[in-house]
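Student: Once you've looked at the hints, dock chain B with the ligands against the given chain A.
This is what each chain is made of:
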Amino acid sequence: MSISIDRDRCIGCGKCHDVCPGTLIKKDEQGKAYIKYPRYCWGCTSCLKECPVYAIRFYLGADIGGKGVLMHTERHGDILDWIFEHPDGKVEKIPINTKESNRY
Amino acid sequence: MRTEYITTDILIIGGGTAGCYAAITASENSDKKILICEKADIRRSGCLAAGVNALNAYITEGRTPQDYADYCLKDADGIAREDLLLSISERLNDVTRRLEELGLVILKNENGRYVTRGNRNIKINGENIKPLLAGAAKRAENVTVIDHINIFDLDVKDNTVYGAYGFGIENDVFYVIRAAAVIIATGGAAGLYKPNNPGFSQHKMWYPPFNTGAGYAMGIMHGAEMTTFEMRFIALRCKNTIAPTGTLAQGVGAKQINILGDVYEQKYGISTSERVYGTVCENHEGRGPCFLQTRGITDEQDKSLLKAYLNMAPSQTLKWIESKRMPSEENVEIEGTEPYIVGGHTASGFWIDNDRQTTINGLFAAGDVAGGAPQKYVTGALAEGEIAALSTIAYCGKNSFHEADPGSVKEHFDELERHLSETVSPYRTEELEEAMQTIMDNYAGGIRSNYRYNSAGLDIADLRITELTELTEALHADDMQELMYIYELRERLIVCKSVIAHLKARKETRWHSFAENTDHPEKSEGFGRLFVNSVYENGRIKIILRRIDDREAVI
Ligand SMILES: Cc1cc2nc3c(=O)[nH]c(=O)nc-3n(C[C@H](O)[C@H](O)[C@H](O)COP(=O)(O)OP(=O)(O)OC[C@H]3O[C@@H](n4cnc5c(N)ncnc54)[C@H](O)[C@@H]3O)c2cc1C
Ligand code: SF4
Ligand code: SF4
Numbered sequence: 001m002s003i004s005i006d007r008d009r010c011i012g013c014g015k016c017h018d019v020c021p022g023t024l025i026k027k028d029e030q031g032k033a034y035i036k037y038p039r040y041c042w043g044c045t046s047c048l049k050e051c052p053v054y055a056i057r058f059y060l061g062a063d064i065g066g067k068g069v070l071m072h073t074e075r076h077g078d079i080l081d082w083i084f085e086h087p088d089g090k091v092e093k094i095p096i097n098t099k100e101s102n103r104y
Numbered sequence: 105m106r107t108e109y110i111t112t113d114i115l116i117i118g119g120g121t122a123g124c125y126a127a128i129t130a131s132e133n134s135d136k137k138i139l140i141c142e143k144a145d146i147r148r149s150g151c152l153a154a155g156v157n158a159l160n161a162y163i164t165e166g167r168t169p170q171d172y173a174d175y176c177l178k179d180a181d182g183i184a185r186e187d188l189l190l191s192i193s194e195r196l197n198d199v200t201r202r203l204e205e206l207g208l209v210i211l212k213n214e215n216g217r218y219v220t221r222g223n224r225n226i227k228i229n230g231e232n233i234k235p236l237l238a239g240a241a242k243r244a245e246n247v248t249v250i251d252h253i254n255i256f257d258l259d260v261k262d263n264t265v266y267g268a269y270g271f272g273i274e275n276d277v278f279y280v281i282r283a284a285a286v287i288i289a290t291g292g293a294a295g296l297y298k299p300n301n302p303g304f305s306q307h308k309m310w311y312p313p314f315n316t317g318a319g320y321a322m323g324i325m326h327g328a329e330m331t332t333f334e335m336r337f338i339a340l341r342c343k344n345t346i347a348p349t350g351t352l353a354q355g356v357g358a359k360q361i362n363i364l365g366d367v368y369e370q371k372y373g374i375s376t377s378e379r380v381y382g383t384v385c386e387n388h389e390g391r392g393p394c395f396l397q398t399r400g401i402t403d404e405q406d407k408s409l410l411k412a413y414l415n416m417a418p419s420q421t422l423k424w425i426e427s428k429r430m431p432s433e434e435n436v437e438i439e440g441t442e443p444y445i446v447g448g449h450t451a452s453g454f455w456i457d458n459d460r461q462t463t464i465n466g467l468f469a470a471g472d473v474a475g476g477a478p479q480k481y482v483t484g485a486l487a488e489g490e491i492a493a494l495s496t497i498a499y500c501g502k503n504s505f506h507e508a509d510p511g512s513v514k515e516h517f518d519e520l521e522r523h524l525s526e527t528v529s530p531y532r533t534e535e536l537e538e539a540m541q542t543i544m545d546n547y548a549g550g551i552r553s554n555y556r557y558n559s560a561g562l563d564i565a566d567l568r569i570t571e572l573t574e575l576t577e578a579l580h581a582d583d584m585q586e587l588m589y590i591y592e593l594r595e596r597l598i599v600c601k602s603v604i605a606h607l608k609a610r611k612e613t614r615w616h617s618f619a620e621n622t623d624h625p626e627k628s629e630g631f632g633r634l635f636v637n638s639v640y641e642n643g644r645i646k647i648i649l650r651r652i653d654d655r656e657a658v659i
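The listed protein sequences derive, respectively, from chains A and B. Sequential numbering of the first sequence, starting at 1, is according to this note's numbering. Sequential numbering of the second sequence, starting at 105, is according to this note's numbering.
So here's chain A without its partners, still in its complex pose:
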């Protein structure tokens, strides 16, 4: 499991780099973010939640059952949308109201 960053979309703000608990994300010569240590990713999703242009995708490695679905988040006020892009183009969304508690 790890992340990938869409280089074209990245605006180089550095927020993902700042929050990664393992400082795994670095900037390349053009100031764009890339994950330098993909195997060291813990899967915490902190970086995706920070990205202002939604350039970061999270995926499960094939070794733990990944089948190519890409996940990211988009924030709209109190709502945090979790978005899942299936390889066949289908998109699913789970909106979470951050002001509501979990039921379990």
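Computed footprint of chain A on chain B; a stretch qualifies when at least three of its residues, placed anywhere within it, have a C-beta under 8 Å from a C-beta of chain A:
#1 135-148
#2 406-416
Straight-line alpha carbon distances no greater than 20 Å define the calculated SDA-like cross-link-like pairs of lysine to any residue that follow:
#3 Lys-428(B) / Val-91(A)
#4 Lys-298(B) / Ile-64(A)
#5 Lys-212(B) / Glu-100(A)
#6 Lys-32(A) / Asn-275(B)
#7 Lys-298(B) / Arg-39(A)
#8 Lys-407(B) / Val-91(A)
#9 Lys-407(B) / Asn-97(A)
#10 Lys-26(A) / Asp-276(B)
#11 Lys-343(B) / Tyr-59(A)
#12 Lys-99(A) / Lys-407(B)
#13 Lys-99(A) / Asn-215(B)
#14 Lys-36(A) / His-580(B)
#15 Lys-212(B) / Thr-98(A)
#16 Lys-343(B) / Arg-39(A)
#17 Lys-343(B) / Tyr-40(A)
#18 Lys-67(A) / Met-430(B)
#19 Lys-99(A) / Thr-220(B)
#20 Lys-26(A) / Glu-586(B)
#21 Lys-99(A) / Leu-410(B)
#22 Lys-67(A) / Ile-425(B)
#23 Lys-36(A) / Tyr-59(A)
#24 Lys-407(B) / Thr-98(A)
#25 Lys-67(A) / Pro-302(B)
#26 Lys-99(A) / Arg-217(B)
#27 Lys-36(A) / Glu-535(B)
#28 Lys-99(A) / Pro-235(B)
#29 Lys-93(A) / Leu-410(B)
#30 Lys-36(A) / Glu-274(B)
#31 Lys-36(A) / Asp-583(B)
#32 Lys-428(B) / Asp-88(A)
#33 Lys-90(A) / Ser-427(B)
#34 Lys-428(B) / His-86(A)
#35 Lys-298(B) / Tyr-37(A)
#36 Lys-67(A) / Glu-437(B)
#37 Lys-99(A) / Glu-204(B)
#38 Lys-99(A) / Val-219(B)
It should be emphasised that the hints constitute simulated quantities derived from the structure, not laboratory data. Using N, Cα and C, we set each Cβ at its ideal position, and we do this for glycine too.
Tutor: Using the frame of chain A, we list chain B with the ligands on its own:
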């Protein structure tokens, strides 16, 4: 590399749960200068990065702090410090209220009371718990935060701490920090044993792979007394994603079943270690794989689970979405993780007094790095952060500053420079790390041996870990991040040595799986009255057995 000197009153090493709360408390109760040094960024560092799903330690209505302490003592089968547990328990509800004031969402019933999950948990939306805590710490008066600084040694003289040494991960700076008192809050240690997913997803582990036992290692090397490293923590987790299972077990009442569909949990007992042990045994005896029985829950429950997991372990929700099989349709497979050393779940860590002072003067410990008090969890870590902060304020008044010793400063600087320029080693840090994990897995009770070990195997492990430690001397780092990896490996190796010595010293099997000693497969009455402690002296780990009732050393 440039050298920078910083002076403060209270130095907090590790801006995680306990560290942030210690800073907030110290700020509110004194005018001391407080400095947090954090290897990542306090906004999302440590255990809370992804969020948590419940507050696991809370005194629910009709229960008392003594009840909570009794529960922890029972779960640890007597090997825990009642004094520490009580001082934590008494503060659990106050720190919870405080978290709510900071903005944490807690589920309430129609009477405005917190909704409980089981006897000791409350339900929250903990996705943003770390940014909330970090925000409060940053806003607090007199608090300075330095992110992306890795602390790699303490400055201890005549058994008193006067500061610490660190280096920047994103800048070429060597930091010499002077402090009147130090709170160590670096969390526990992951990555000692070969993990569940040793391939591409090697860091898909339960405990943060970035908590490498730095605090334990620094304390050990300066002769601090440590306790109960043999009570390893092995978590029962969802297969592959290593996501927590409590939400399934307590939230929707899912039982542990084997492949025949039999509920096996009652057969082995329901203490934390017995739940793991039962699963290990069922697998071993050919009745695995094992599952949490979620099949048949409602669609509504499915939806709530998807959301709950997004708030703490998003990989599990992704797994469900990706497989297109919801928990109502397919039971969730479970497995035991590799062993961790975590003072917030079991009792491993610094041996401390009730003020949270370690056996080194001026060095206080809080959270997962502190020993003696299992089942602290988030709120317990906050409580300890608070106690440690109040104690340091009192201590600061009594202590005086010491200038850094130029000889020691130079030694530390040269050591870093050596790794940055060294080119002789044929090995890379990650290769030695893998070797360490394999040794621990094979000989010190890892997943491979169903967590079992014996004295002969432990001796081999000890020898091999010592050899690996020697190899780290010549490791090369290209940059500061790689330098951090070298120090993380060294920290883990030091913790491994200590774990091995402790496993060997407790000549009994008190907690199945956590410490499954095949030379001594039964519980011993004598060891039931003893803490296994240790100090590092003259290059060796010396074991000290202490009586539980009066904490006096018997050898
Ligand atoms: C995945 C997960 C889920 C959990 N879920 C729950 C839950 O639902 N409910 C609950 O009550 N409890 C839960 N817990 C337990 C709880 O989160 C922890 O016990 C508690 O947060 C520990 O706090 P701490 O301050 O000791 O460690 P942390 O919060 O991890 O803080 C340690 C900090 O030290 C920093 N650090 C480490 N080494 C160095 C160094 N050398 N130099 C500088 N900084 C350093 C780290 O980056 C980190 O920020 C969970 C734990 C985990 C891992
Ligand atoms: S998911 Fe977490 S660990 Fe992985 S790159 Fe993003 S912030 Fe870092
Ligand atoms: S947060 Fe997004 S935009 Fe900013 S650097 Fe990272 S990937 Fe680029």
